[in-house]
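Q: Residue-level listing of the chains:
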Amino acid sequence: MEEQTLRYLRGRFGDHYRRSELTPPPFAHEREWGYVPWTEGPGETYVRHKSLLDLGELSDFLARERPRHVYFSAGRYENPSATTMGGKNWRRSDLIFDLDADHLPSAEPDDSYGEMLAKCKDALLRLLDFLETDFAFDDLTVVFSGGRGYHVHVRDEGIQHLQRDARREIVDYVRGIGLDPGSLIRTEMRGNVTARVLPTDGGWGRRVHQRLLAFVDELEALDEADALARLQELDGIGKGRAETVYGAIKRNRAAIEEGNMEAGGVGIRTLVDSLVTEVVEAQNAPIDEPVSTDTNRLIRLPGSIHGGSGLAVKRIDRDAIDEFDPLADAVPETFRKHDIAVEVTDCGRVELDGDSFTLQEGELSVPESLGVFLMCRGRAEKGQE
Amino acid sequence: MKPLHARYPFLAAAREAVETADVDLAGVVAREQPVVQRAMDRLEGALYDGTVGDVHRRPRVELLSYPVARVLVSLVDEHVLTRKYARAEAQTAYDRFTEELATDDPLQSTDTEHLTLDALLQEFDLARAARETPEGYRVAVGTYLEHAADQRDDEWRLVNRDLQDGEVPLSEEELLELLRQAVTHRIEDGLPFDVPEPIAVELSAEVESLREQLSDLDLTRDIDTVVPERFPPCMKYLLDQVQKGEHLEHHSRFAIAAFLTTIGMNTDEIVELFQVNPGFGEEATRYQVDHIRGATSPTEYSPPSCATMQSYGDCVNMDDICEDVIEESHPLNYYEHRLEQADDEELTDWRERQSESKS
Numbered sequence: 001m002e003e004q005t006l007r008y009l010r011g012r013f014g015d016h017y018r019r020s021e022l023t024p025p026p027f028a029h030e031r032e033w034g035y036v037p038w039t040e041g042p043g044e045t046y047v048r049h050k051s052l053l054d055l056g057e058l059s060d061f062l063a064r065e066r067p068r069h070v071y072f073s074a075g076r077y078e079n080p081s082a083t084t085m086g087g088k089n090w091r092r093s094d095l096i097f098d099l100d101a102d103h104l105p106s107a108e109p110d111d112s113y114g115e116m117l118a119k120c121k122d123a124l125l126r127l128l129d130f131l132e133t134d135f136a137f138d139d140l141t142v143v144f145s146g147g148r149g150y151h152v153h154v155r156d157e158g159i160q161h162l163q164r165d166a167r168r169e170i171v172d173y174v175r176g177i178g179l180d181p182g183s184l185i186r187t188e189m190r191g192n193v194t195a196r197v198l199p200t201d202g203g204w205g206r207r208v209h210q211r212l213l214a215f216v217d218e219l220e221a222l223d224e225a226d227a228l229a230r231l232q233e234l235d236g237i238g239k240g241r242a243e244t245v246y247g248a249i250k251r252n253r254a255a256i257e258e259g260n261m262e263a264g265g266v267g268i269r270t271l272v273d274s275l276v277t278e279v280v281e282a283q284n285a286p287i288d289e290p291v292s293t294d295t296n297r298l299i300r301l302p303g304s305i306h307g308g309s310g311l312a313v314k315r316i317d318r319d320a321i322d323e324f325d326p327l328a329d330a331v332p333e334t335f336r337k338h339d340i341a342v343e344v345t346d347c348g349r350v351e352l353d354g355d356s357f358t359l360q361e362g363e364l365s366v367p368e369s370l371g372v373f374l375m376c377r378g379r380a381e382k383g384q385e
Numbered sequence: 001m002k003p004l005h006a007r008y009p010f011l012a013a014a015r016e017a018v019e020t021a022d023v024d025l026a027g028v029v030a031r032e033q034p035v036v037q038r039a040m041d042r043l044e045g046a047l048y049d050g051t052v053g054d055v056h057r058r059p060r061v062e063l064l065s066y067p068v069a070r071v072l073v074s075l076v077d078e079h080v081l082t083r084k085y086a087r088a089e090a091q092t093a094y095d096r097f098t099e100e101l102a103t104d105d106p107l108q109s110t111d112t113e114h115l116t117l118d119a120l121l122q123e124f125d126l127a128r129a130a131r132e133t134p135e136g137y138r139v140a141v142g143t144y145l146e147h148a149a150d151q152r153d154d155e156w157r158l159v160n161r162d163l164q165d166g167e168v169p170l171s172e173e174e175l176l177e178l179l180r181q182a183v184t185h186r187i188e189d190g191l192p193f194d195v196p197e198p199i200a201v202e203l204s205a206e207v208e209s210l211r212e213q214l215s216d217l218d219l220t221r222d223i224d225t226v227v228p229e230r231f232p233p234c235m236k237y238l239l240d241q242v243q244k245g246e247h248l249e250h251h252s253r254f255a256i257a258a259f260l261t262t263i264g265m266n267t268d269e270i271v272e273l274f275q276v277n278p279g280f281g282e283e284a285t286r287y288q289v290d291h292i293r294g295a296t297s298p299t300e301y302s303p304p305s306c307a308t309m310q311s312y313g314d315c316v317n318m319d320d321i322c323e324d325v326i327e328e329s330h331p332l333n334y335y336e337h338r339l340e341q342a343d344d345e346e347l348t349d350w351r352e353r354q355s356e357s358k359s
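Protein sequences appear in the order of chains F and Z. Taken in order, the first sequence gives residues 1 to 385; the numbers are from my numbering. Taken in order, the second sequence gives residues 1 to 359; the numbers are from my numbering.
Hint data in this document are derived by calculation from the structure and do not stem from the laboratory. In this text, a Cβ means the ideal position worked out from N, Cα and C, and glycines have one as well. Incorrect hints may have been included.
What the hints assert, rightly or not - Simulated crosslink set (SDA-like; lysine to any residue; CA at most 25 Å straight-line): (1) Lys244/Z x Lys121/F; (2) Lys121/F x Arg230/Z; (3) Lys121/F x Asp98/F; (4) Lys2/Z x Lys121/F.
As the list claims (entries may be wrong) - Now the stretches of chain F that chain Z is said to cover, found in silico as 3 or more residues with beta-carbon under 8 Å: (5) 168-178; (6) 312-320.
To be verified - If you want the footprint, here are the derived chain F segments under chain Z, 3+ residues with CB under 8 Å: (7) 151-159; (8) 369-378.
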């Protein structure tokens with residue numbers, strides 16, 4: 001990045017911070033703060049182990065320093081500015097989830113930025129289903145990261161004191177890691193006999209059971225020969241087992257709806273085994289594990305600007321997630337006022353703020369939001385006005 | 001001093017009783033040999049039997065032997081003793097309270113003060129987090145994880161539980177098991193601590209005796225031979241992935257690091273064997289290996305069994321030895337078998353090869 005580009009961006013970030021009201025996270029003074037200043041050259045300087053006492057009032061600090069990136073810690077400490085974790089004396093920590101396009105199995109190399117973010121949002125909604133339905137967390141903050149995905153901050157009291165191993169259990173739960181079909185099916189006493197049962201009202205059991213019922217619906221819509229053939233496509237199910245399963249569905253669908261795994265014999269349990277893998281693949285939330293298990297993690301400040309995109313790190317209301325369009329809704333208002341001159345170094349198509357542009361190399365006049373976006377991403381330098 | 005406190009010396013009320021009695025621990029260890037002897041019984045019971053033995057007939061001796069046992073654990077300061085001791089105290093407490101709760105004899109309860117399930121739940125802040133349902137209990141997920149996250153069995157893993165509305169359903173037996181974990185954590189909490197010099201001096205003979213007993217007990221699998229060619233296929237594969245710089249899931253990194261630790265490698269050697277590249281993160285590797293070795297955590301981990309490897313999808317390239325010789329039991333059994341089969345001169349320890357190639 002050329003020096004004049006850097007100076008321009010730093011100045012405009014400052015204008016943004018002077019004009020905008022920023023809500024700091026709760027207990028901001030108990031957290032560690034860090035930032036990356038604008039510096040030339042390939043490496044970035046990471047300033048960390050700061051407390052708000054060191055930085056001063058947050059909005060003053062941002063307007064004065066105009067940093068490229070700003071972070072605060074998920075953890076809360078007795079001495080947030082101590083330079084070692086021991087010296088900080090950890091007290092508690094929010095639980096952070098990071099969904100990043102880089103970690104999405106569904107992302108394709110030639111996805112556009114917009115497509116990537118849309119896939120990330122699907123994963124976000126799956127994650128929220130776990131956090132709201134299964135975990136019933138109620139202090140959730142959903143944030144567009146300004147870059148390649150979304151963050152969720154959980155601040156419920158019940159998770160604040162959990163250590164890494166406990167947080168890893170939560171990660172494994174939403175990712176479906178270690179799910180054991182053998183443990184999912186329980187053995188219960190029913191009168192004098194034991195019966196195998198798939199739980200229907202909680203956990204991954206509920207999700208697998210719902211998928212099982214959908215599969216049963218699918219079979220019932222077929223005629224017998226097709227249904228038997230469909231069953232035999234599954235590993236471990238031959239003609240005999242297929243017939244037992246099909247018979248059980250025809251005779252006693254109600255039992256399957258209750259989660260009874262005796263009707264249908266070995267076949268139905270084999271069927272459940274194969275559905276488990278499918279359900280995990282379709283429904284898990286591919287979050288970035290180290291972010292969630294790290295109780296000292298620094299995370300981007302909502303309300304700041306992401307120095308790698310010029311987009312705002314933006315809190316999103318729960319009921320606004322569906323219509324949230326990061327490439328329009330996260331464009332800072334400050335950059336929407338006029339056009340600027342840039343010199344494009346990396347040409348091609350760009351979508352931003354509801355428009356789509358095909359850029360040629362060389363000097364161009366573009367909306368400032370696009371200019372900032374390109375410069376932050378290293379695709380343009382500041383041109384002469 | 002109440003018999004209840006003697007039976008459950010980790011209760012906050014028992015601790016208060018000791019504090020109010022204004023006992024001078026230095027004086028106790030100097031003059032009350034039965035207390036020191038009972039404290040030694042607790043620790044030897046923990047080492048050989050997994051419990052802390054029977055209650056001494058004098059409540060004072062029994063109650064005071066608990067803080068003295070904690071002092072001894074702190075003086076010995078061996079991770080394995082701390083862990084075994086905490087588990088043994090918890091096991092004994094568990095045996096006692098499950099028995100007491102099962103005894104529904106109203107005549108007996110007028111006789112001596114009994115511990116109720118409610119009181120026990122209160123003690124560990126579980127009263128608010130657990131509620132009774134027609135099927136058993138439901139425990140708030142945060143509290144569940146606090147006590148269950150270090151359980152090794154798959155059935156305790158959150159992913160296999162029927163989590164619903166922020167609560168984990170548990171049977172009464174499972175709730176008691178959770179309480180046992182809560183006791184373990186309470187015992188471990190704060191161990192080891194600094195012991196004042198006069199007390200340490202009084203107990204030096206006991207500390208010496210405990211150290212000797214620890215070294216006589218072969219508490220670690222003593223393989224201490226590193227021949228990667230003879231690793232089981234799963235570990236070969238994981239090591240290969242690490243050396244290629246592939247990203248490994250946490251459980252996979254854990255498995256290989258715990259395996260290498262158990263066969264006698266130290267942190268530096270593991271980092272070197274991993275041929276850590278900048279992307280892999282030497283610091284993260286060190287942290288994790290230290291954690292597994294118990295240097296930065298209260299628990300020392302052993303490598304996963306074949307069953308666990310299988311459930312994580314880490315069991316690959318299974319061969320005849322896996323299936324027929326060790327019968328899918330444990331990767332360490334595979335490695336031991338392969339080492340036994342070889343002539344000694346065939347085996348060159350990887351660490352020796354390293355020092356040869358360096359010199």
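Q: Take the hints in turn and mark each one as holding or not.
A: Here's how the hints hold up against the structure:
1. Lys244/Z x Lys121/F: Distance ~32 Å between Lys244/Z and Lys121/F Cα, so the pair is violated.
2. Lys121/F x Arg230/Z: With Cα atoms ~46 Å apart, Lys121/F and Arg230/Z exceed 25 Å; violated.
3. Lys121/F x Asp98/F: Cα-Cα ~12 Å, so holds.
4. Lys2/Z x Lys121/F: violated (60 Å)
5. 168-178: As far as the region 168-178 of chain F goes, the hint holds, because 8 residues have Cβ atoms under 8 Å from chain Z.
6. 312-320: violated (count 0)
7. 151-159: holds (count 4)
8. 369-378: With 0 residues in contact (Cβ-Cβ under 8 Å with chain Z), the coverage given for the region 369-378 of chain F is violated.
Of the numbered hints stated above, those contradicted by the structure are hints 1, 2, 4, 6 and 8, listed in ascending order.
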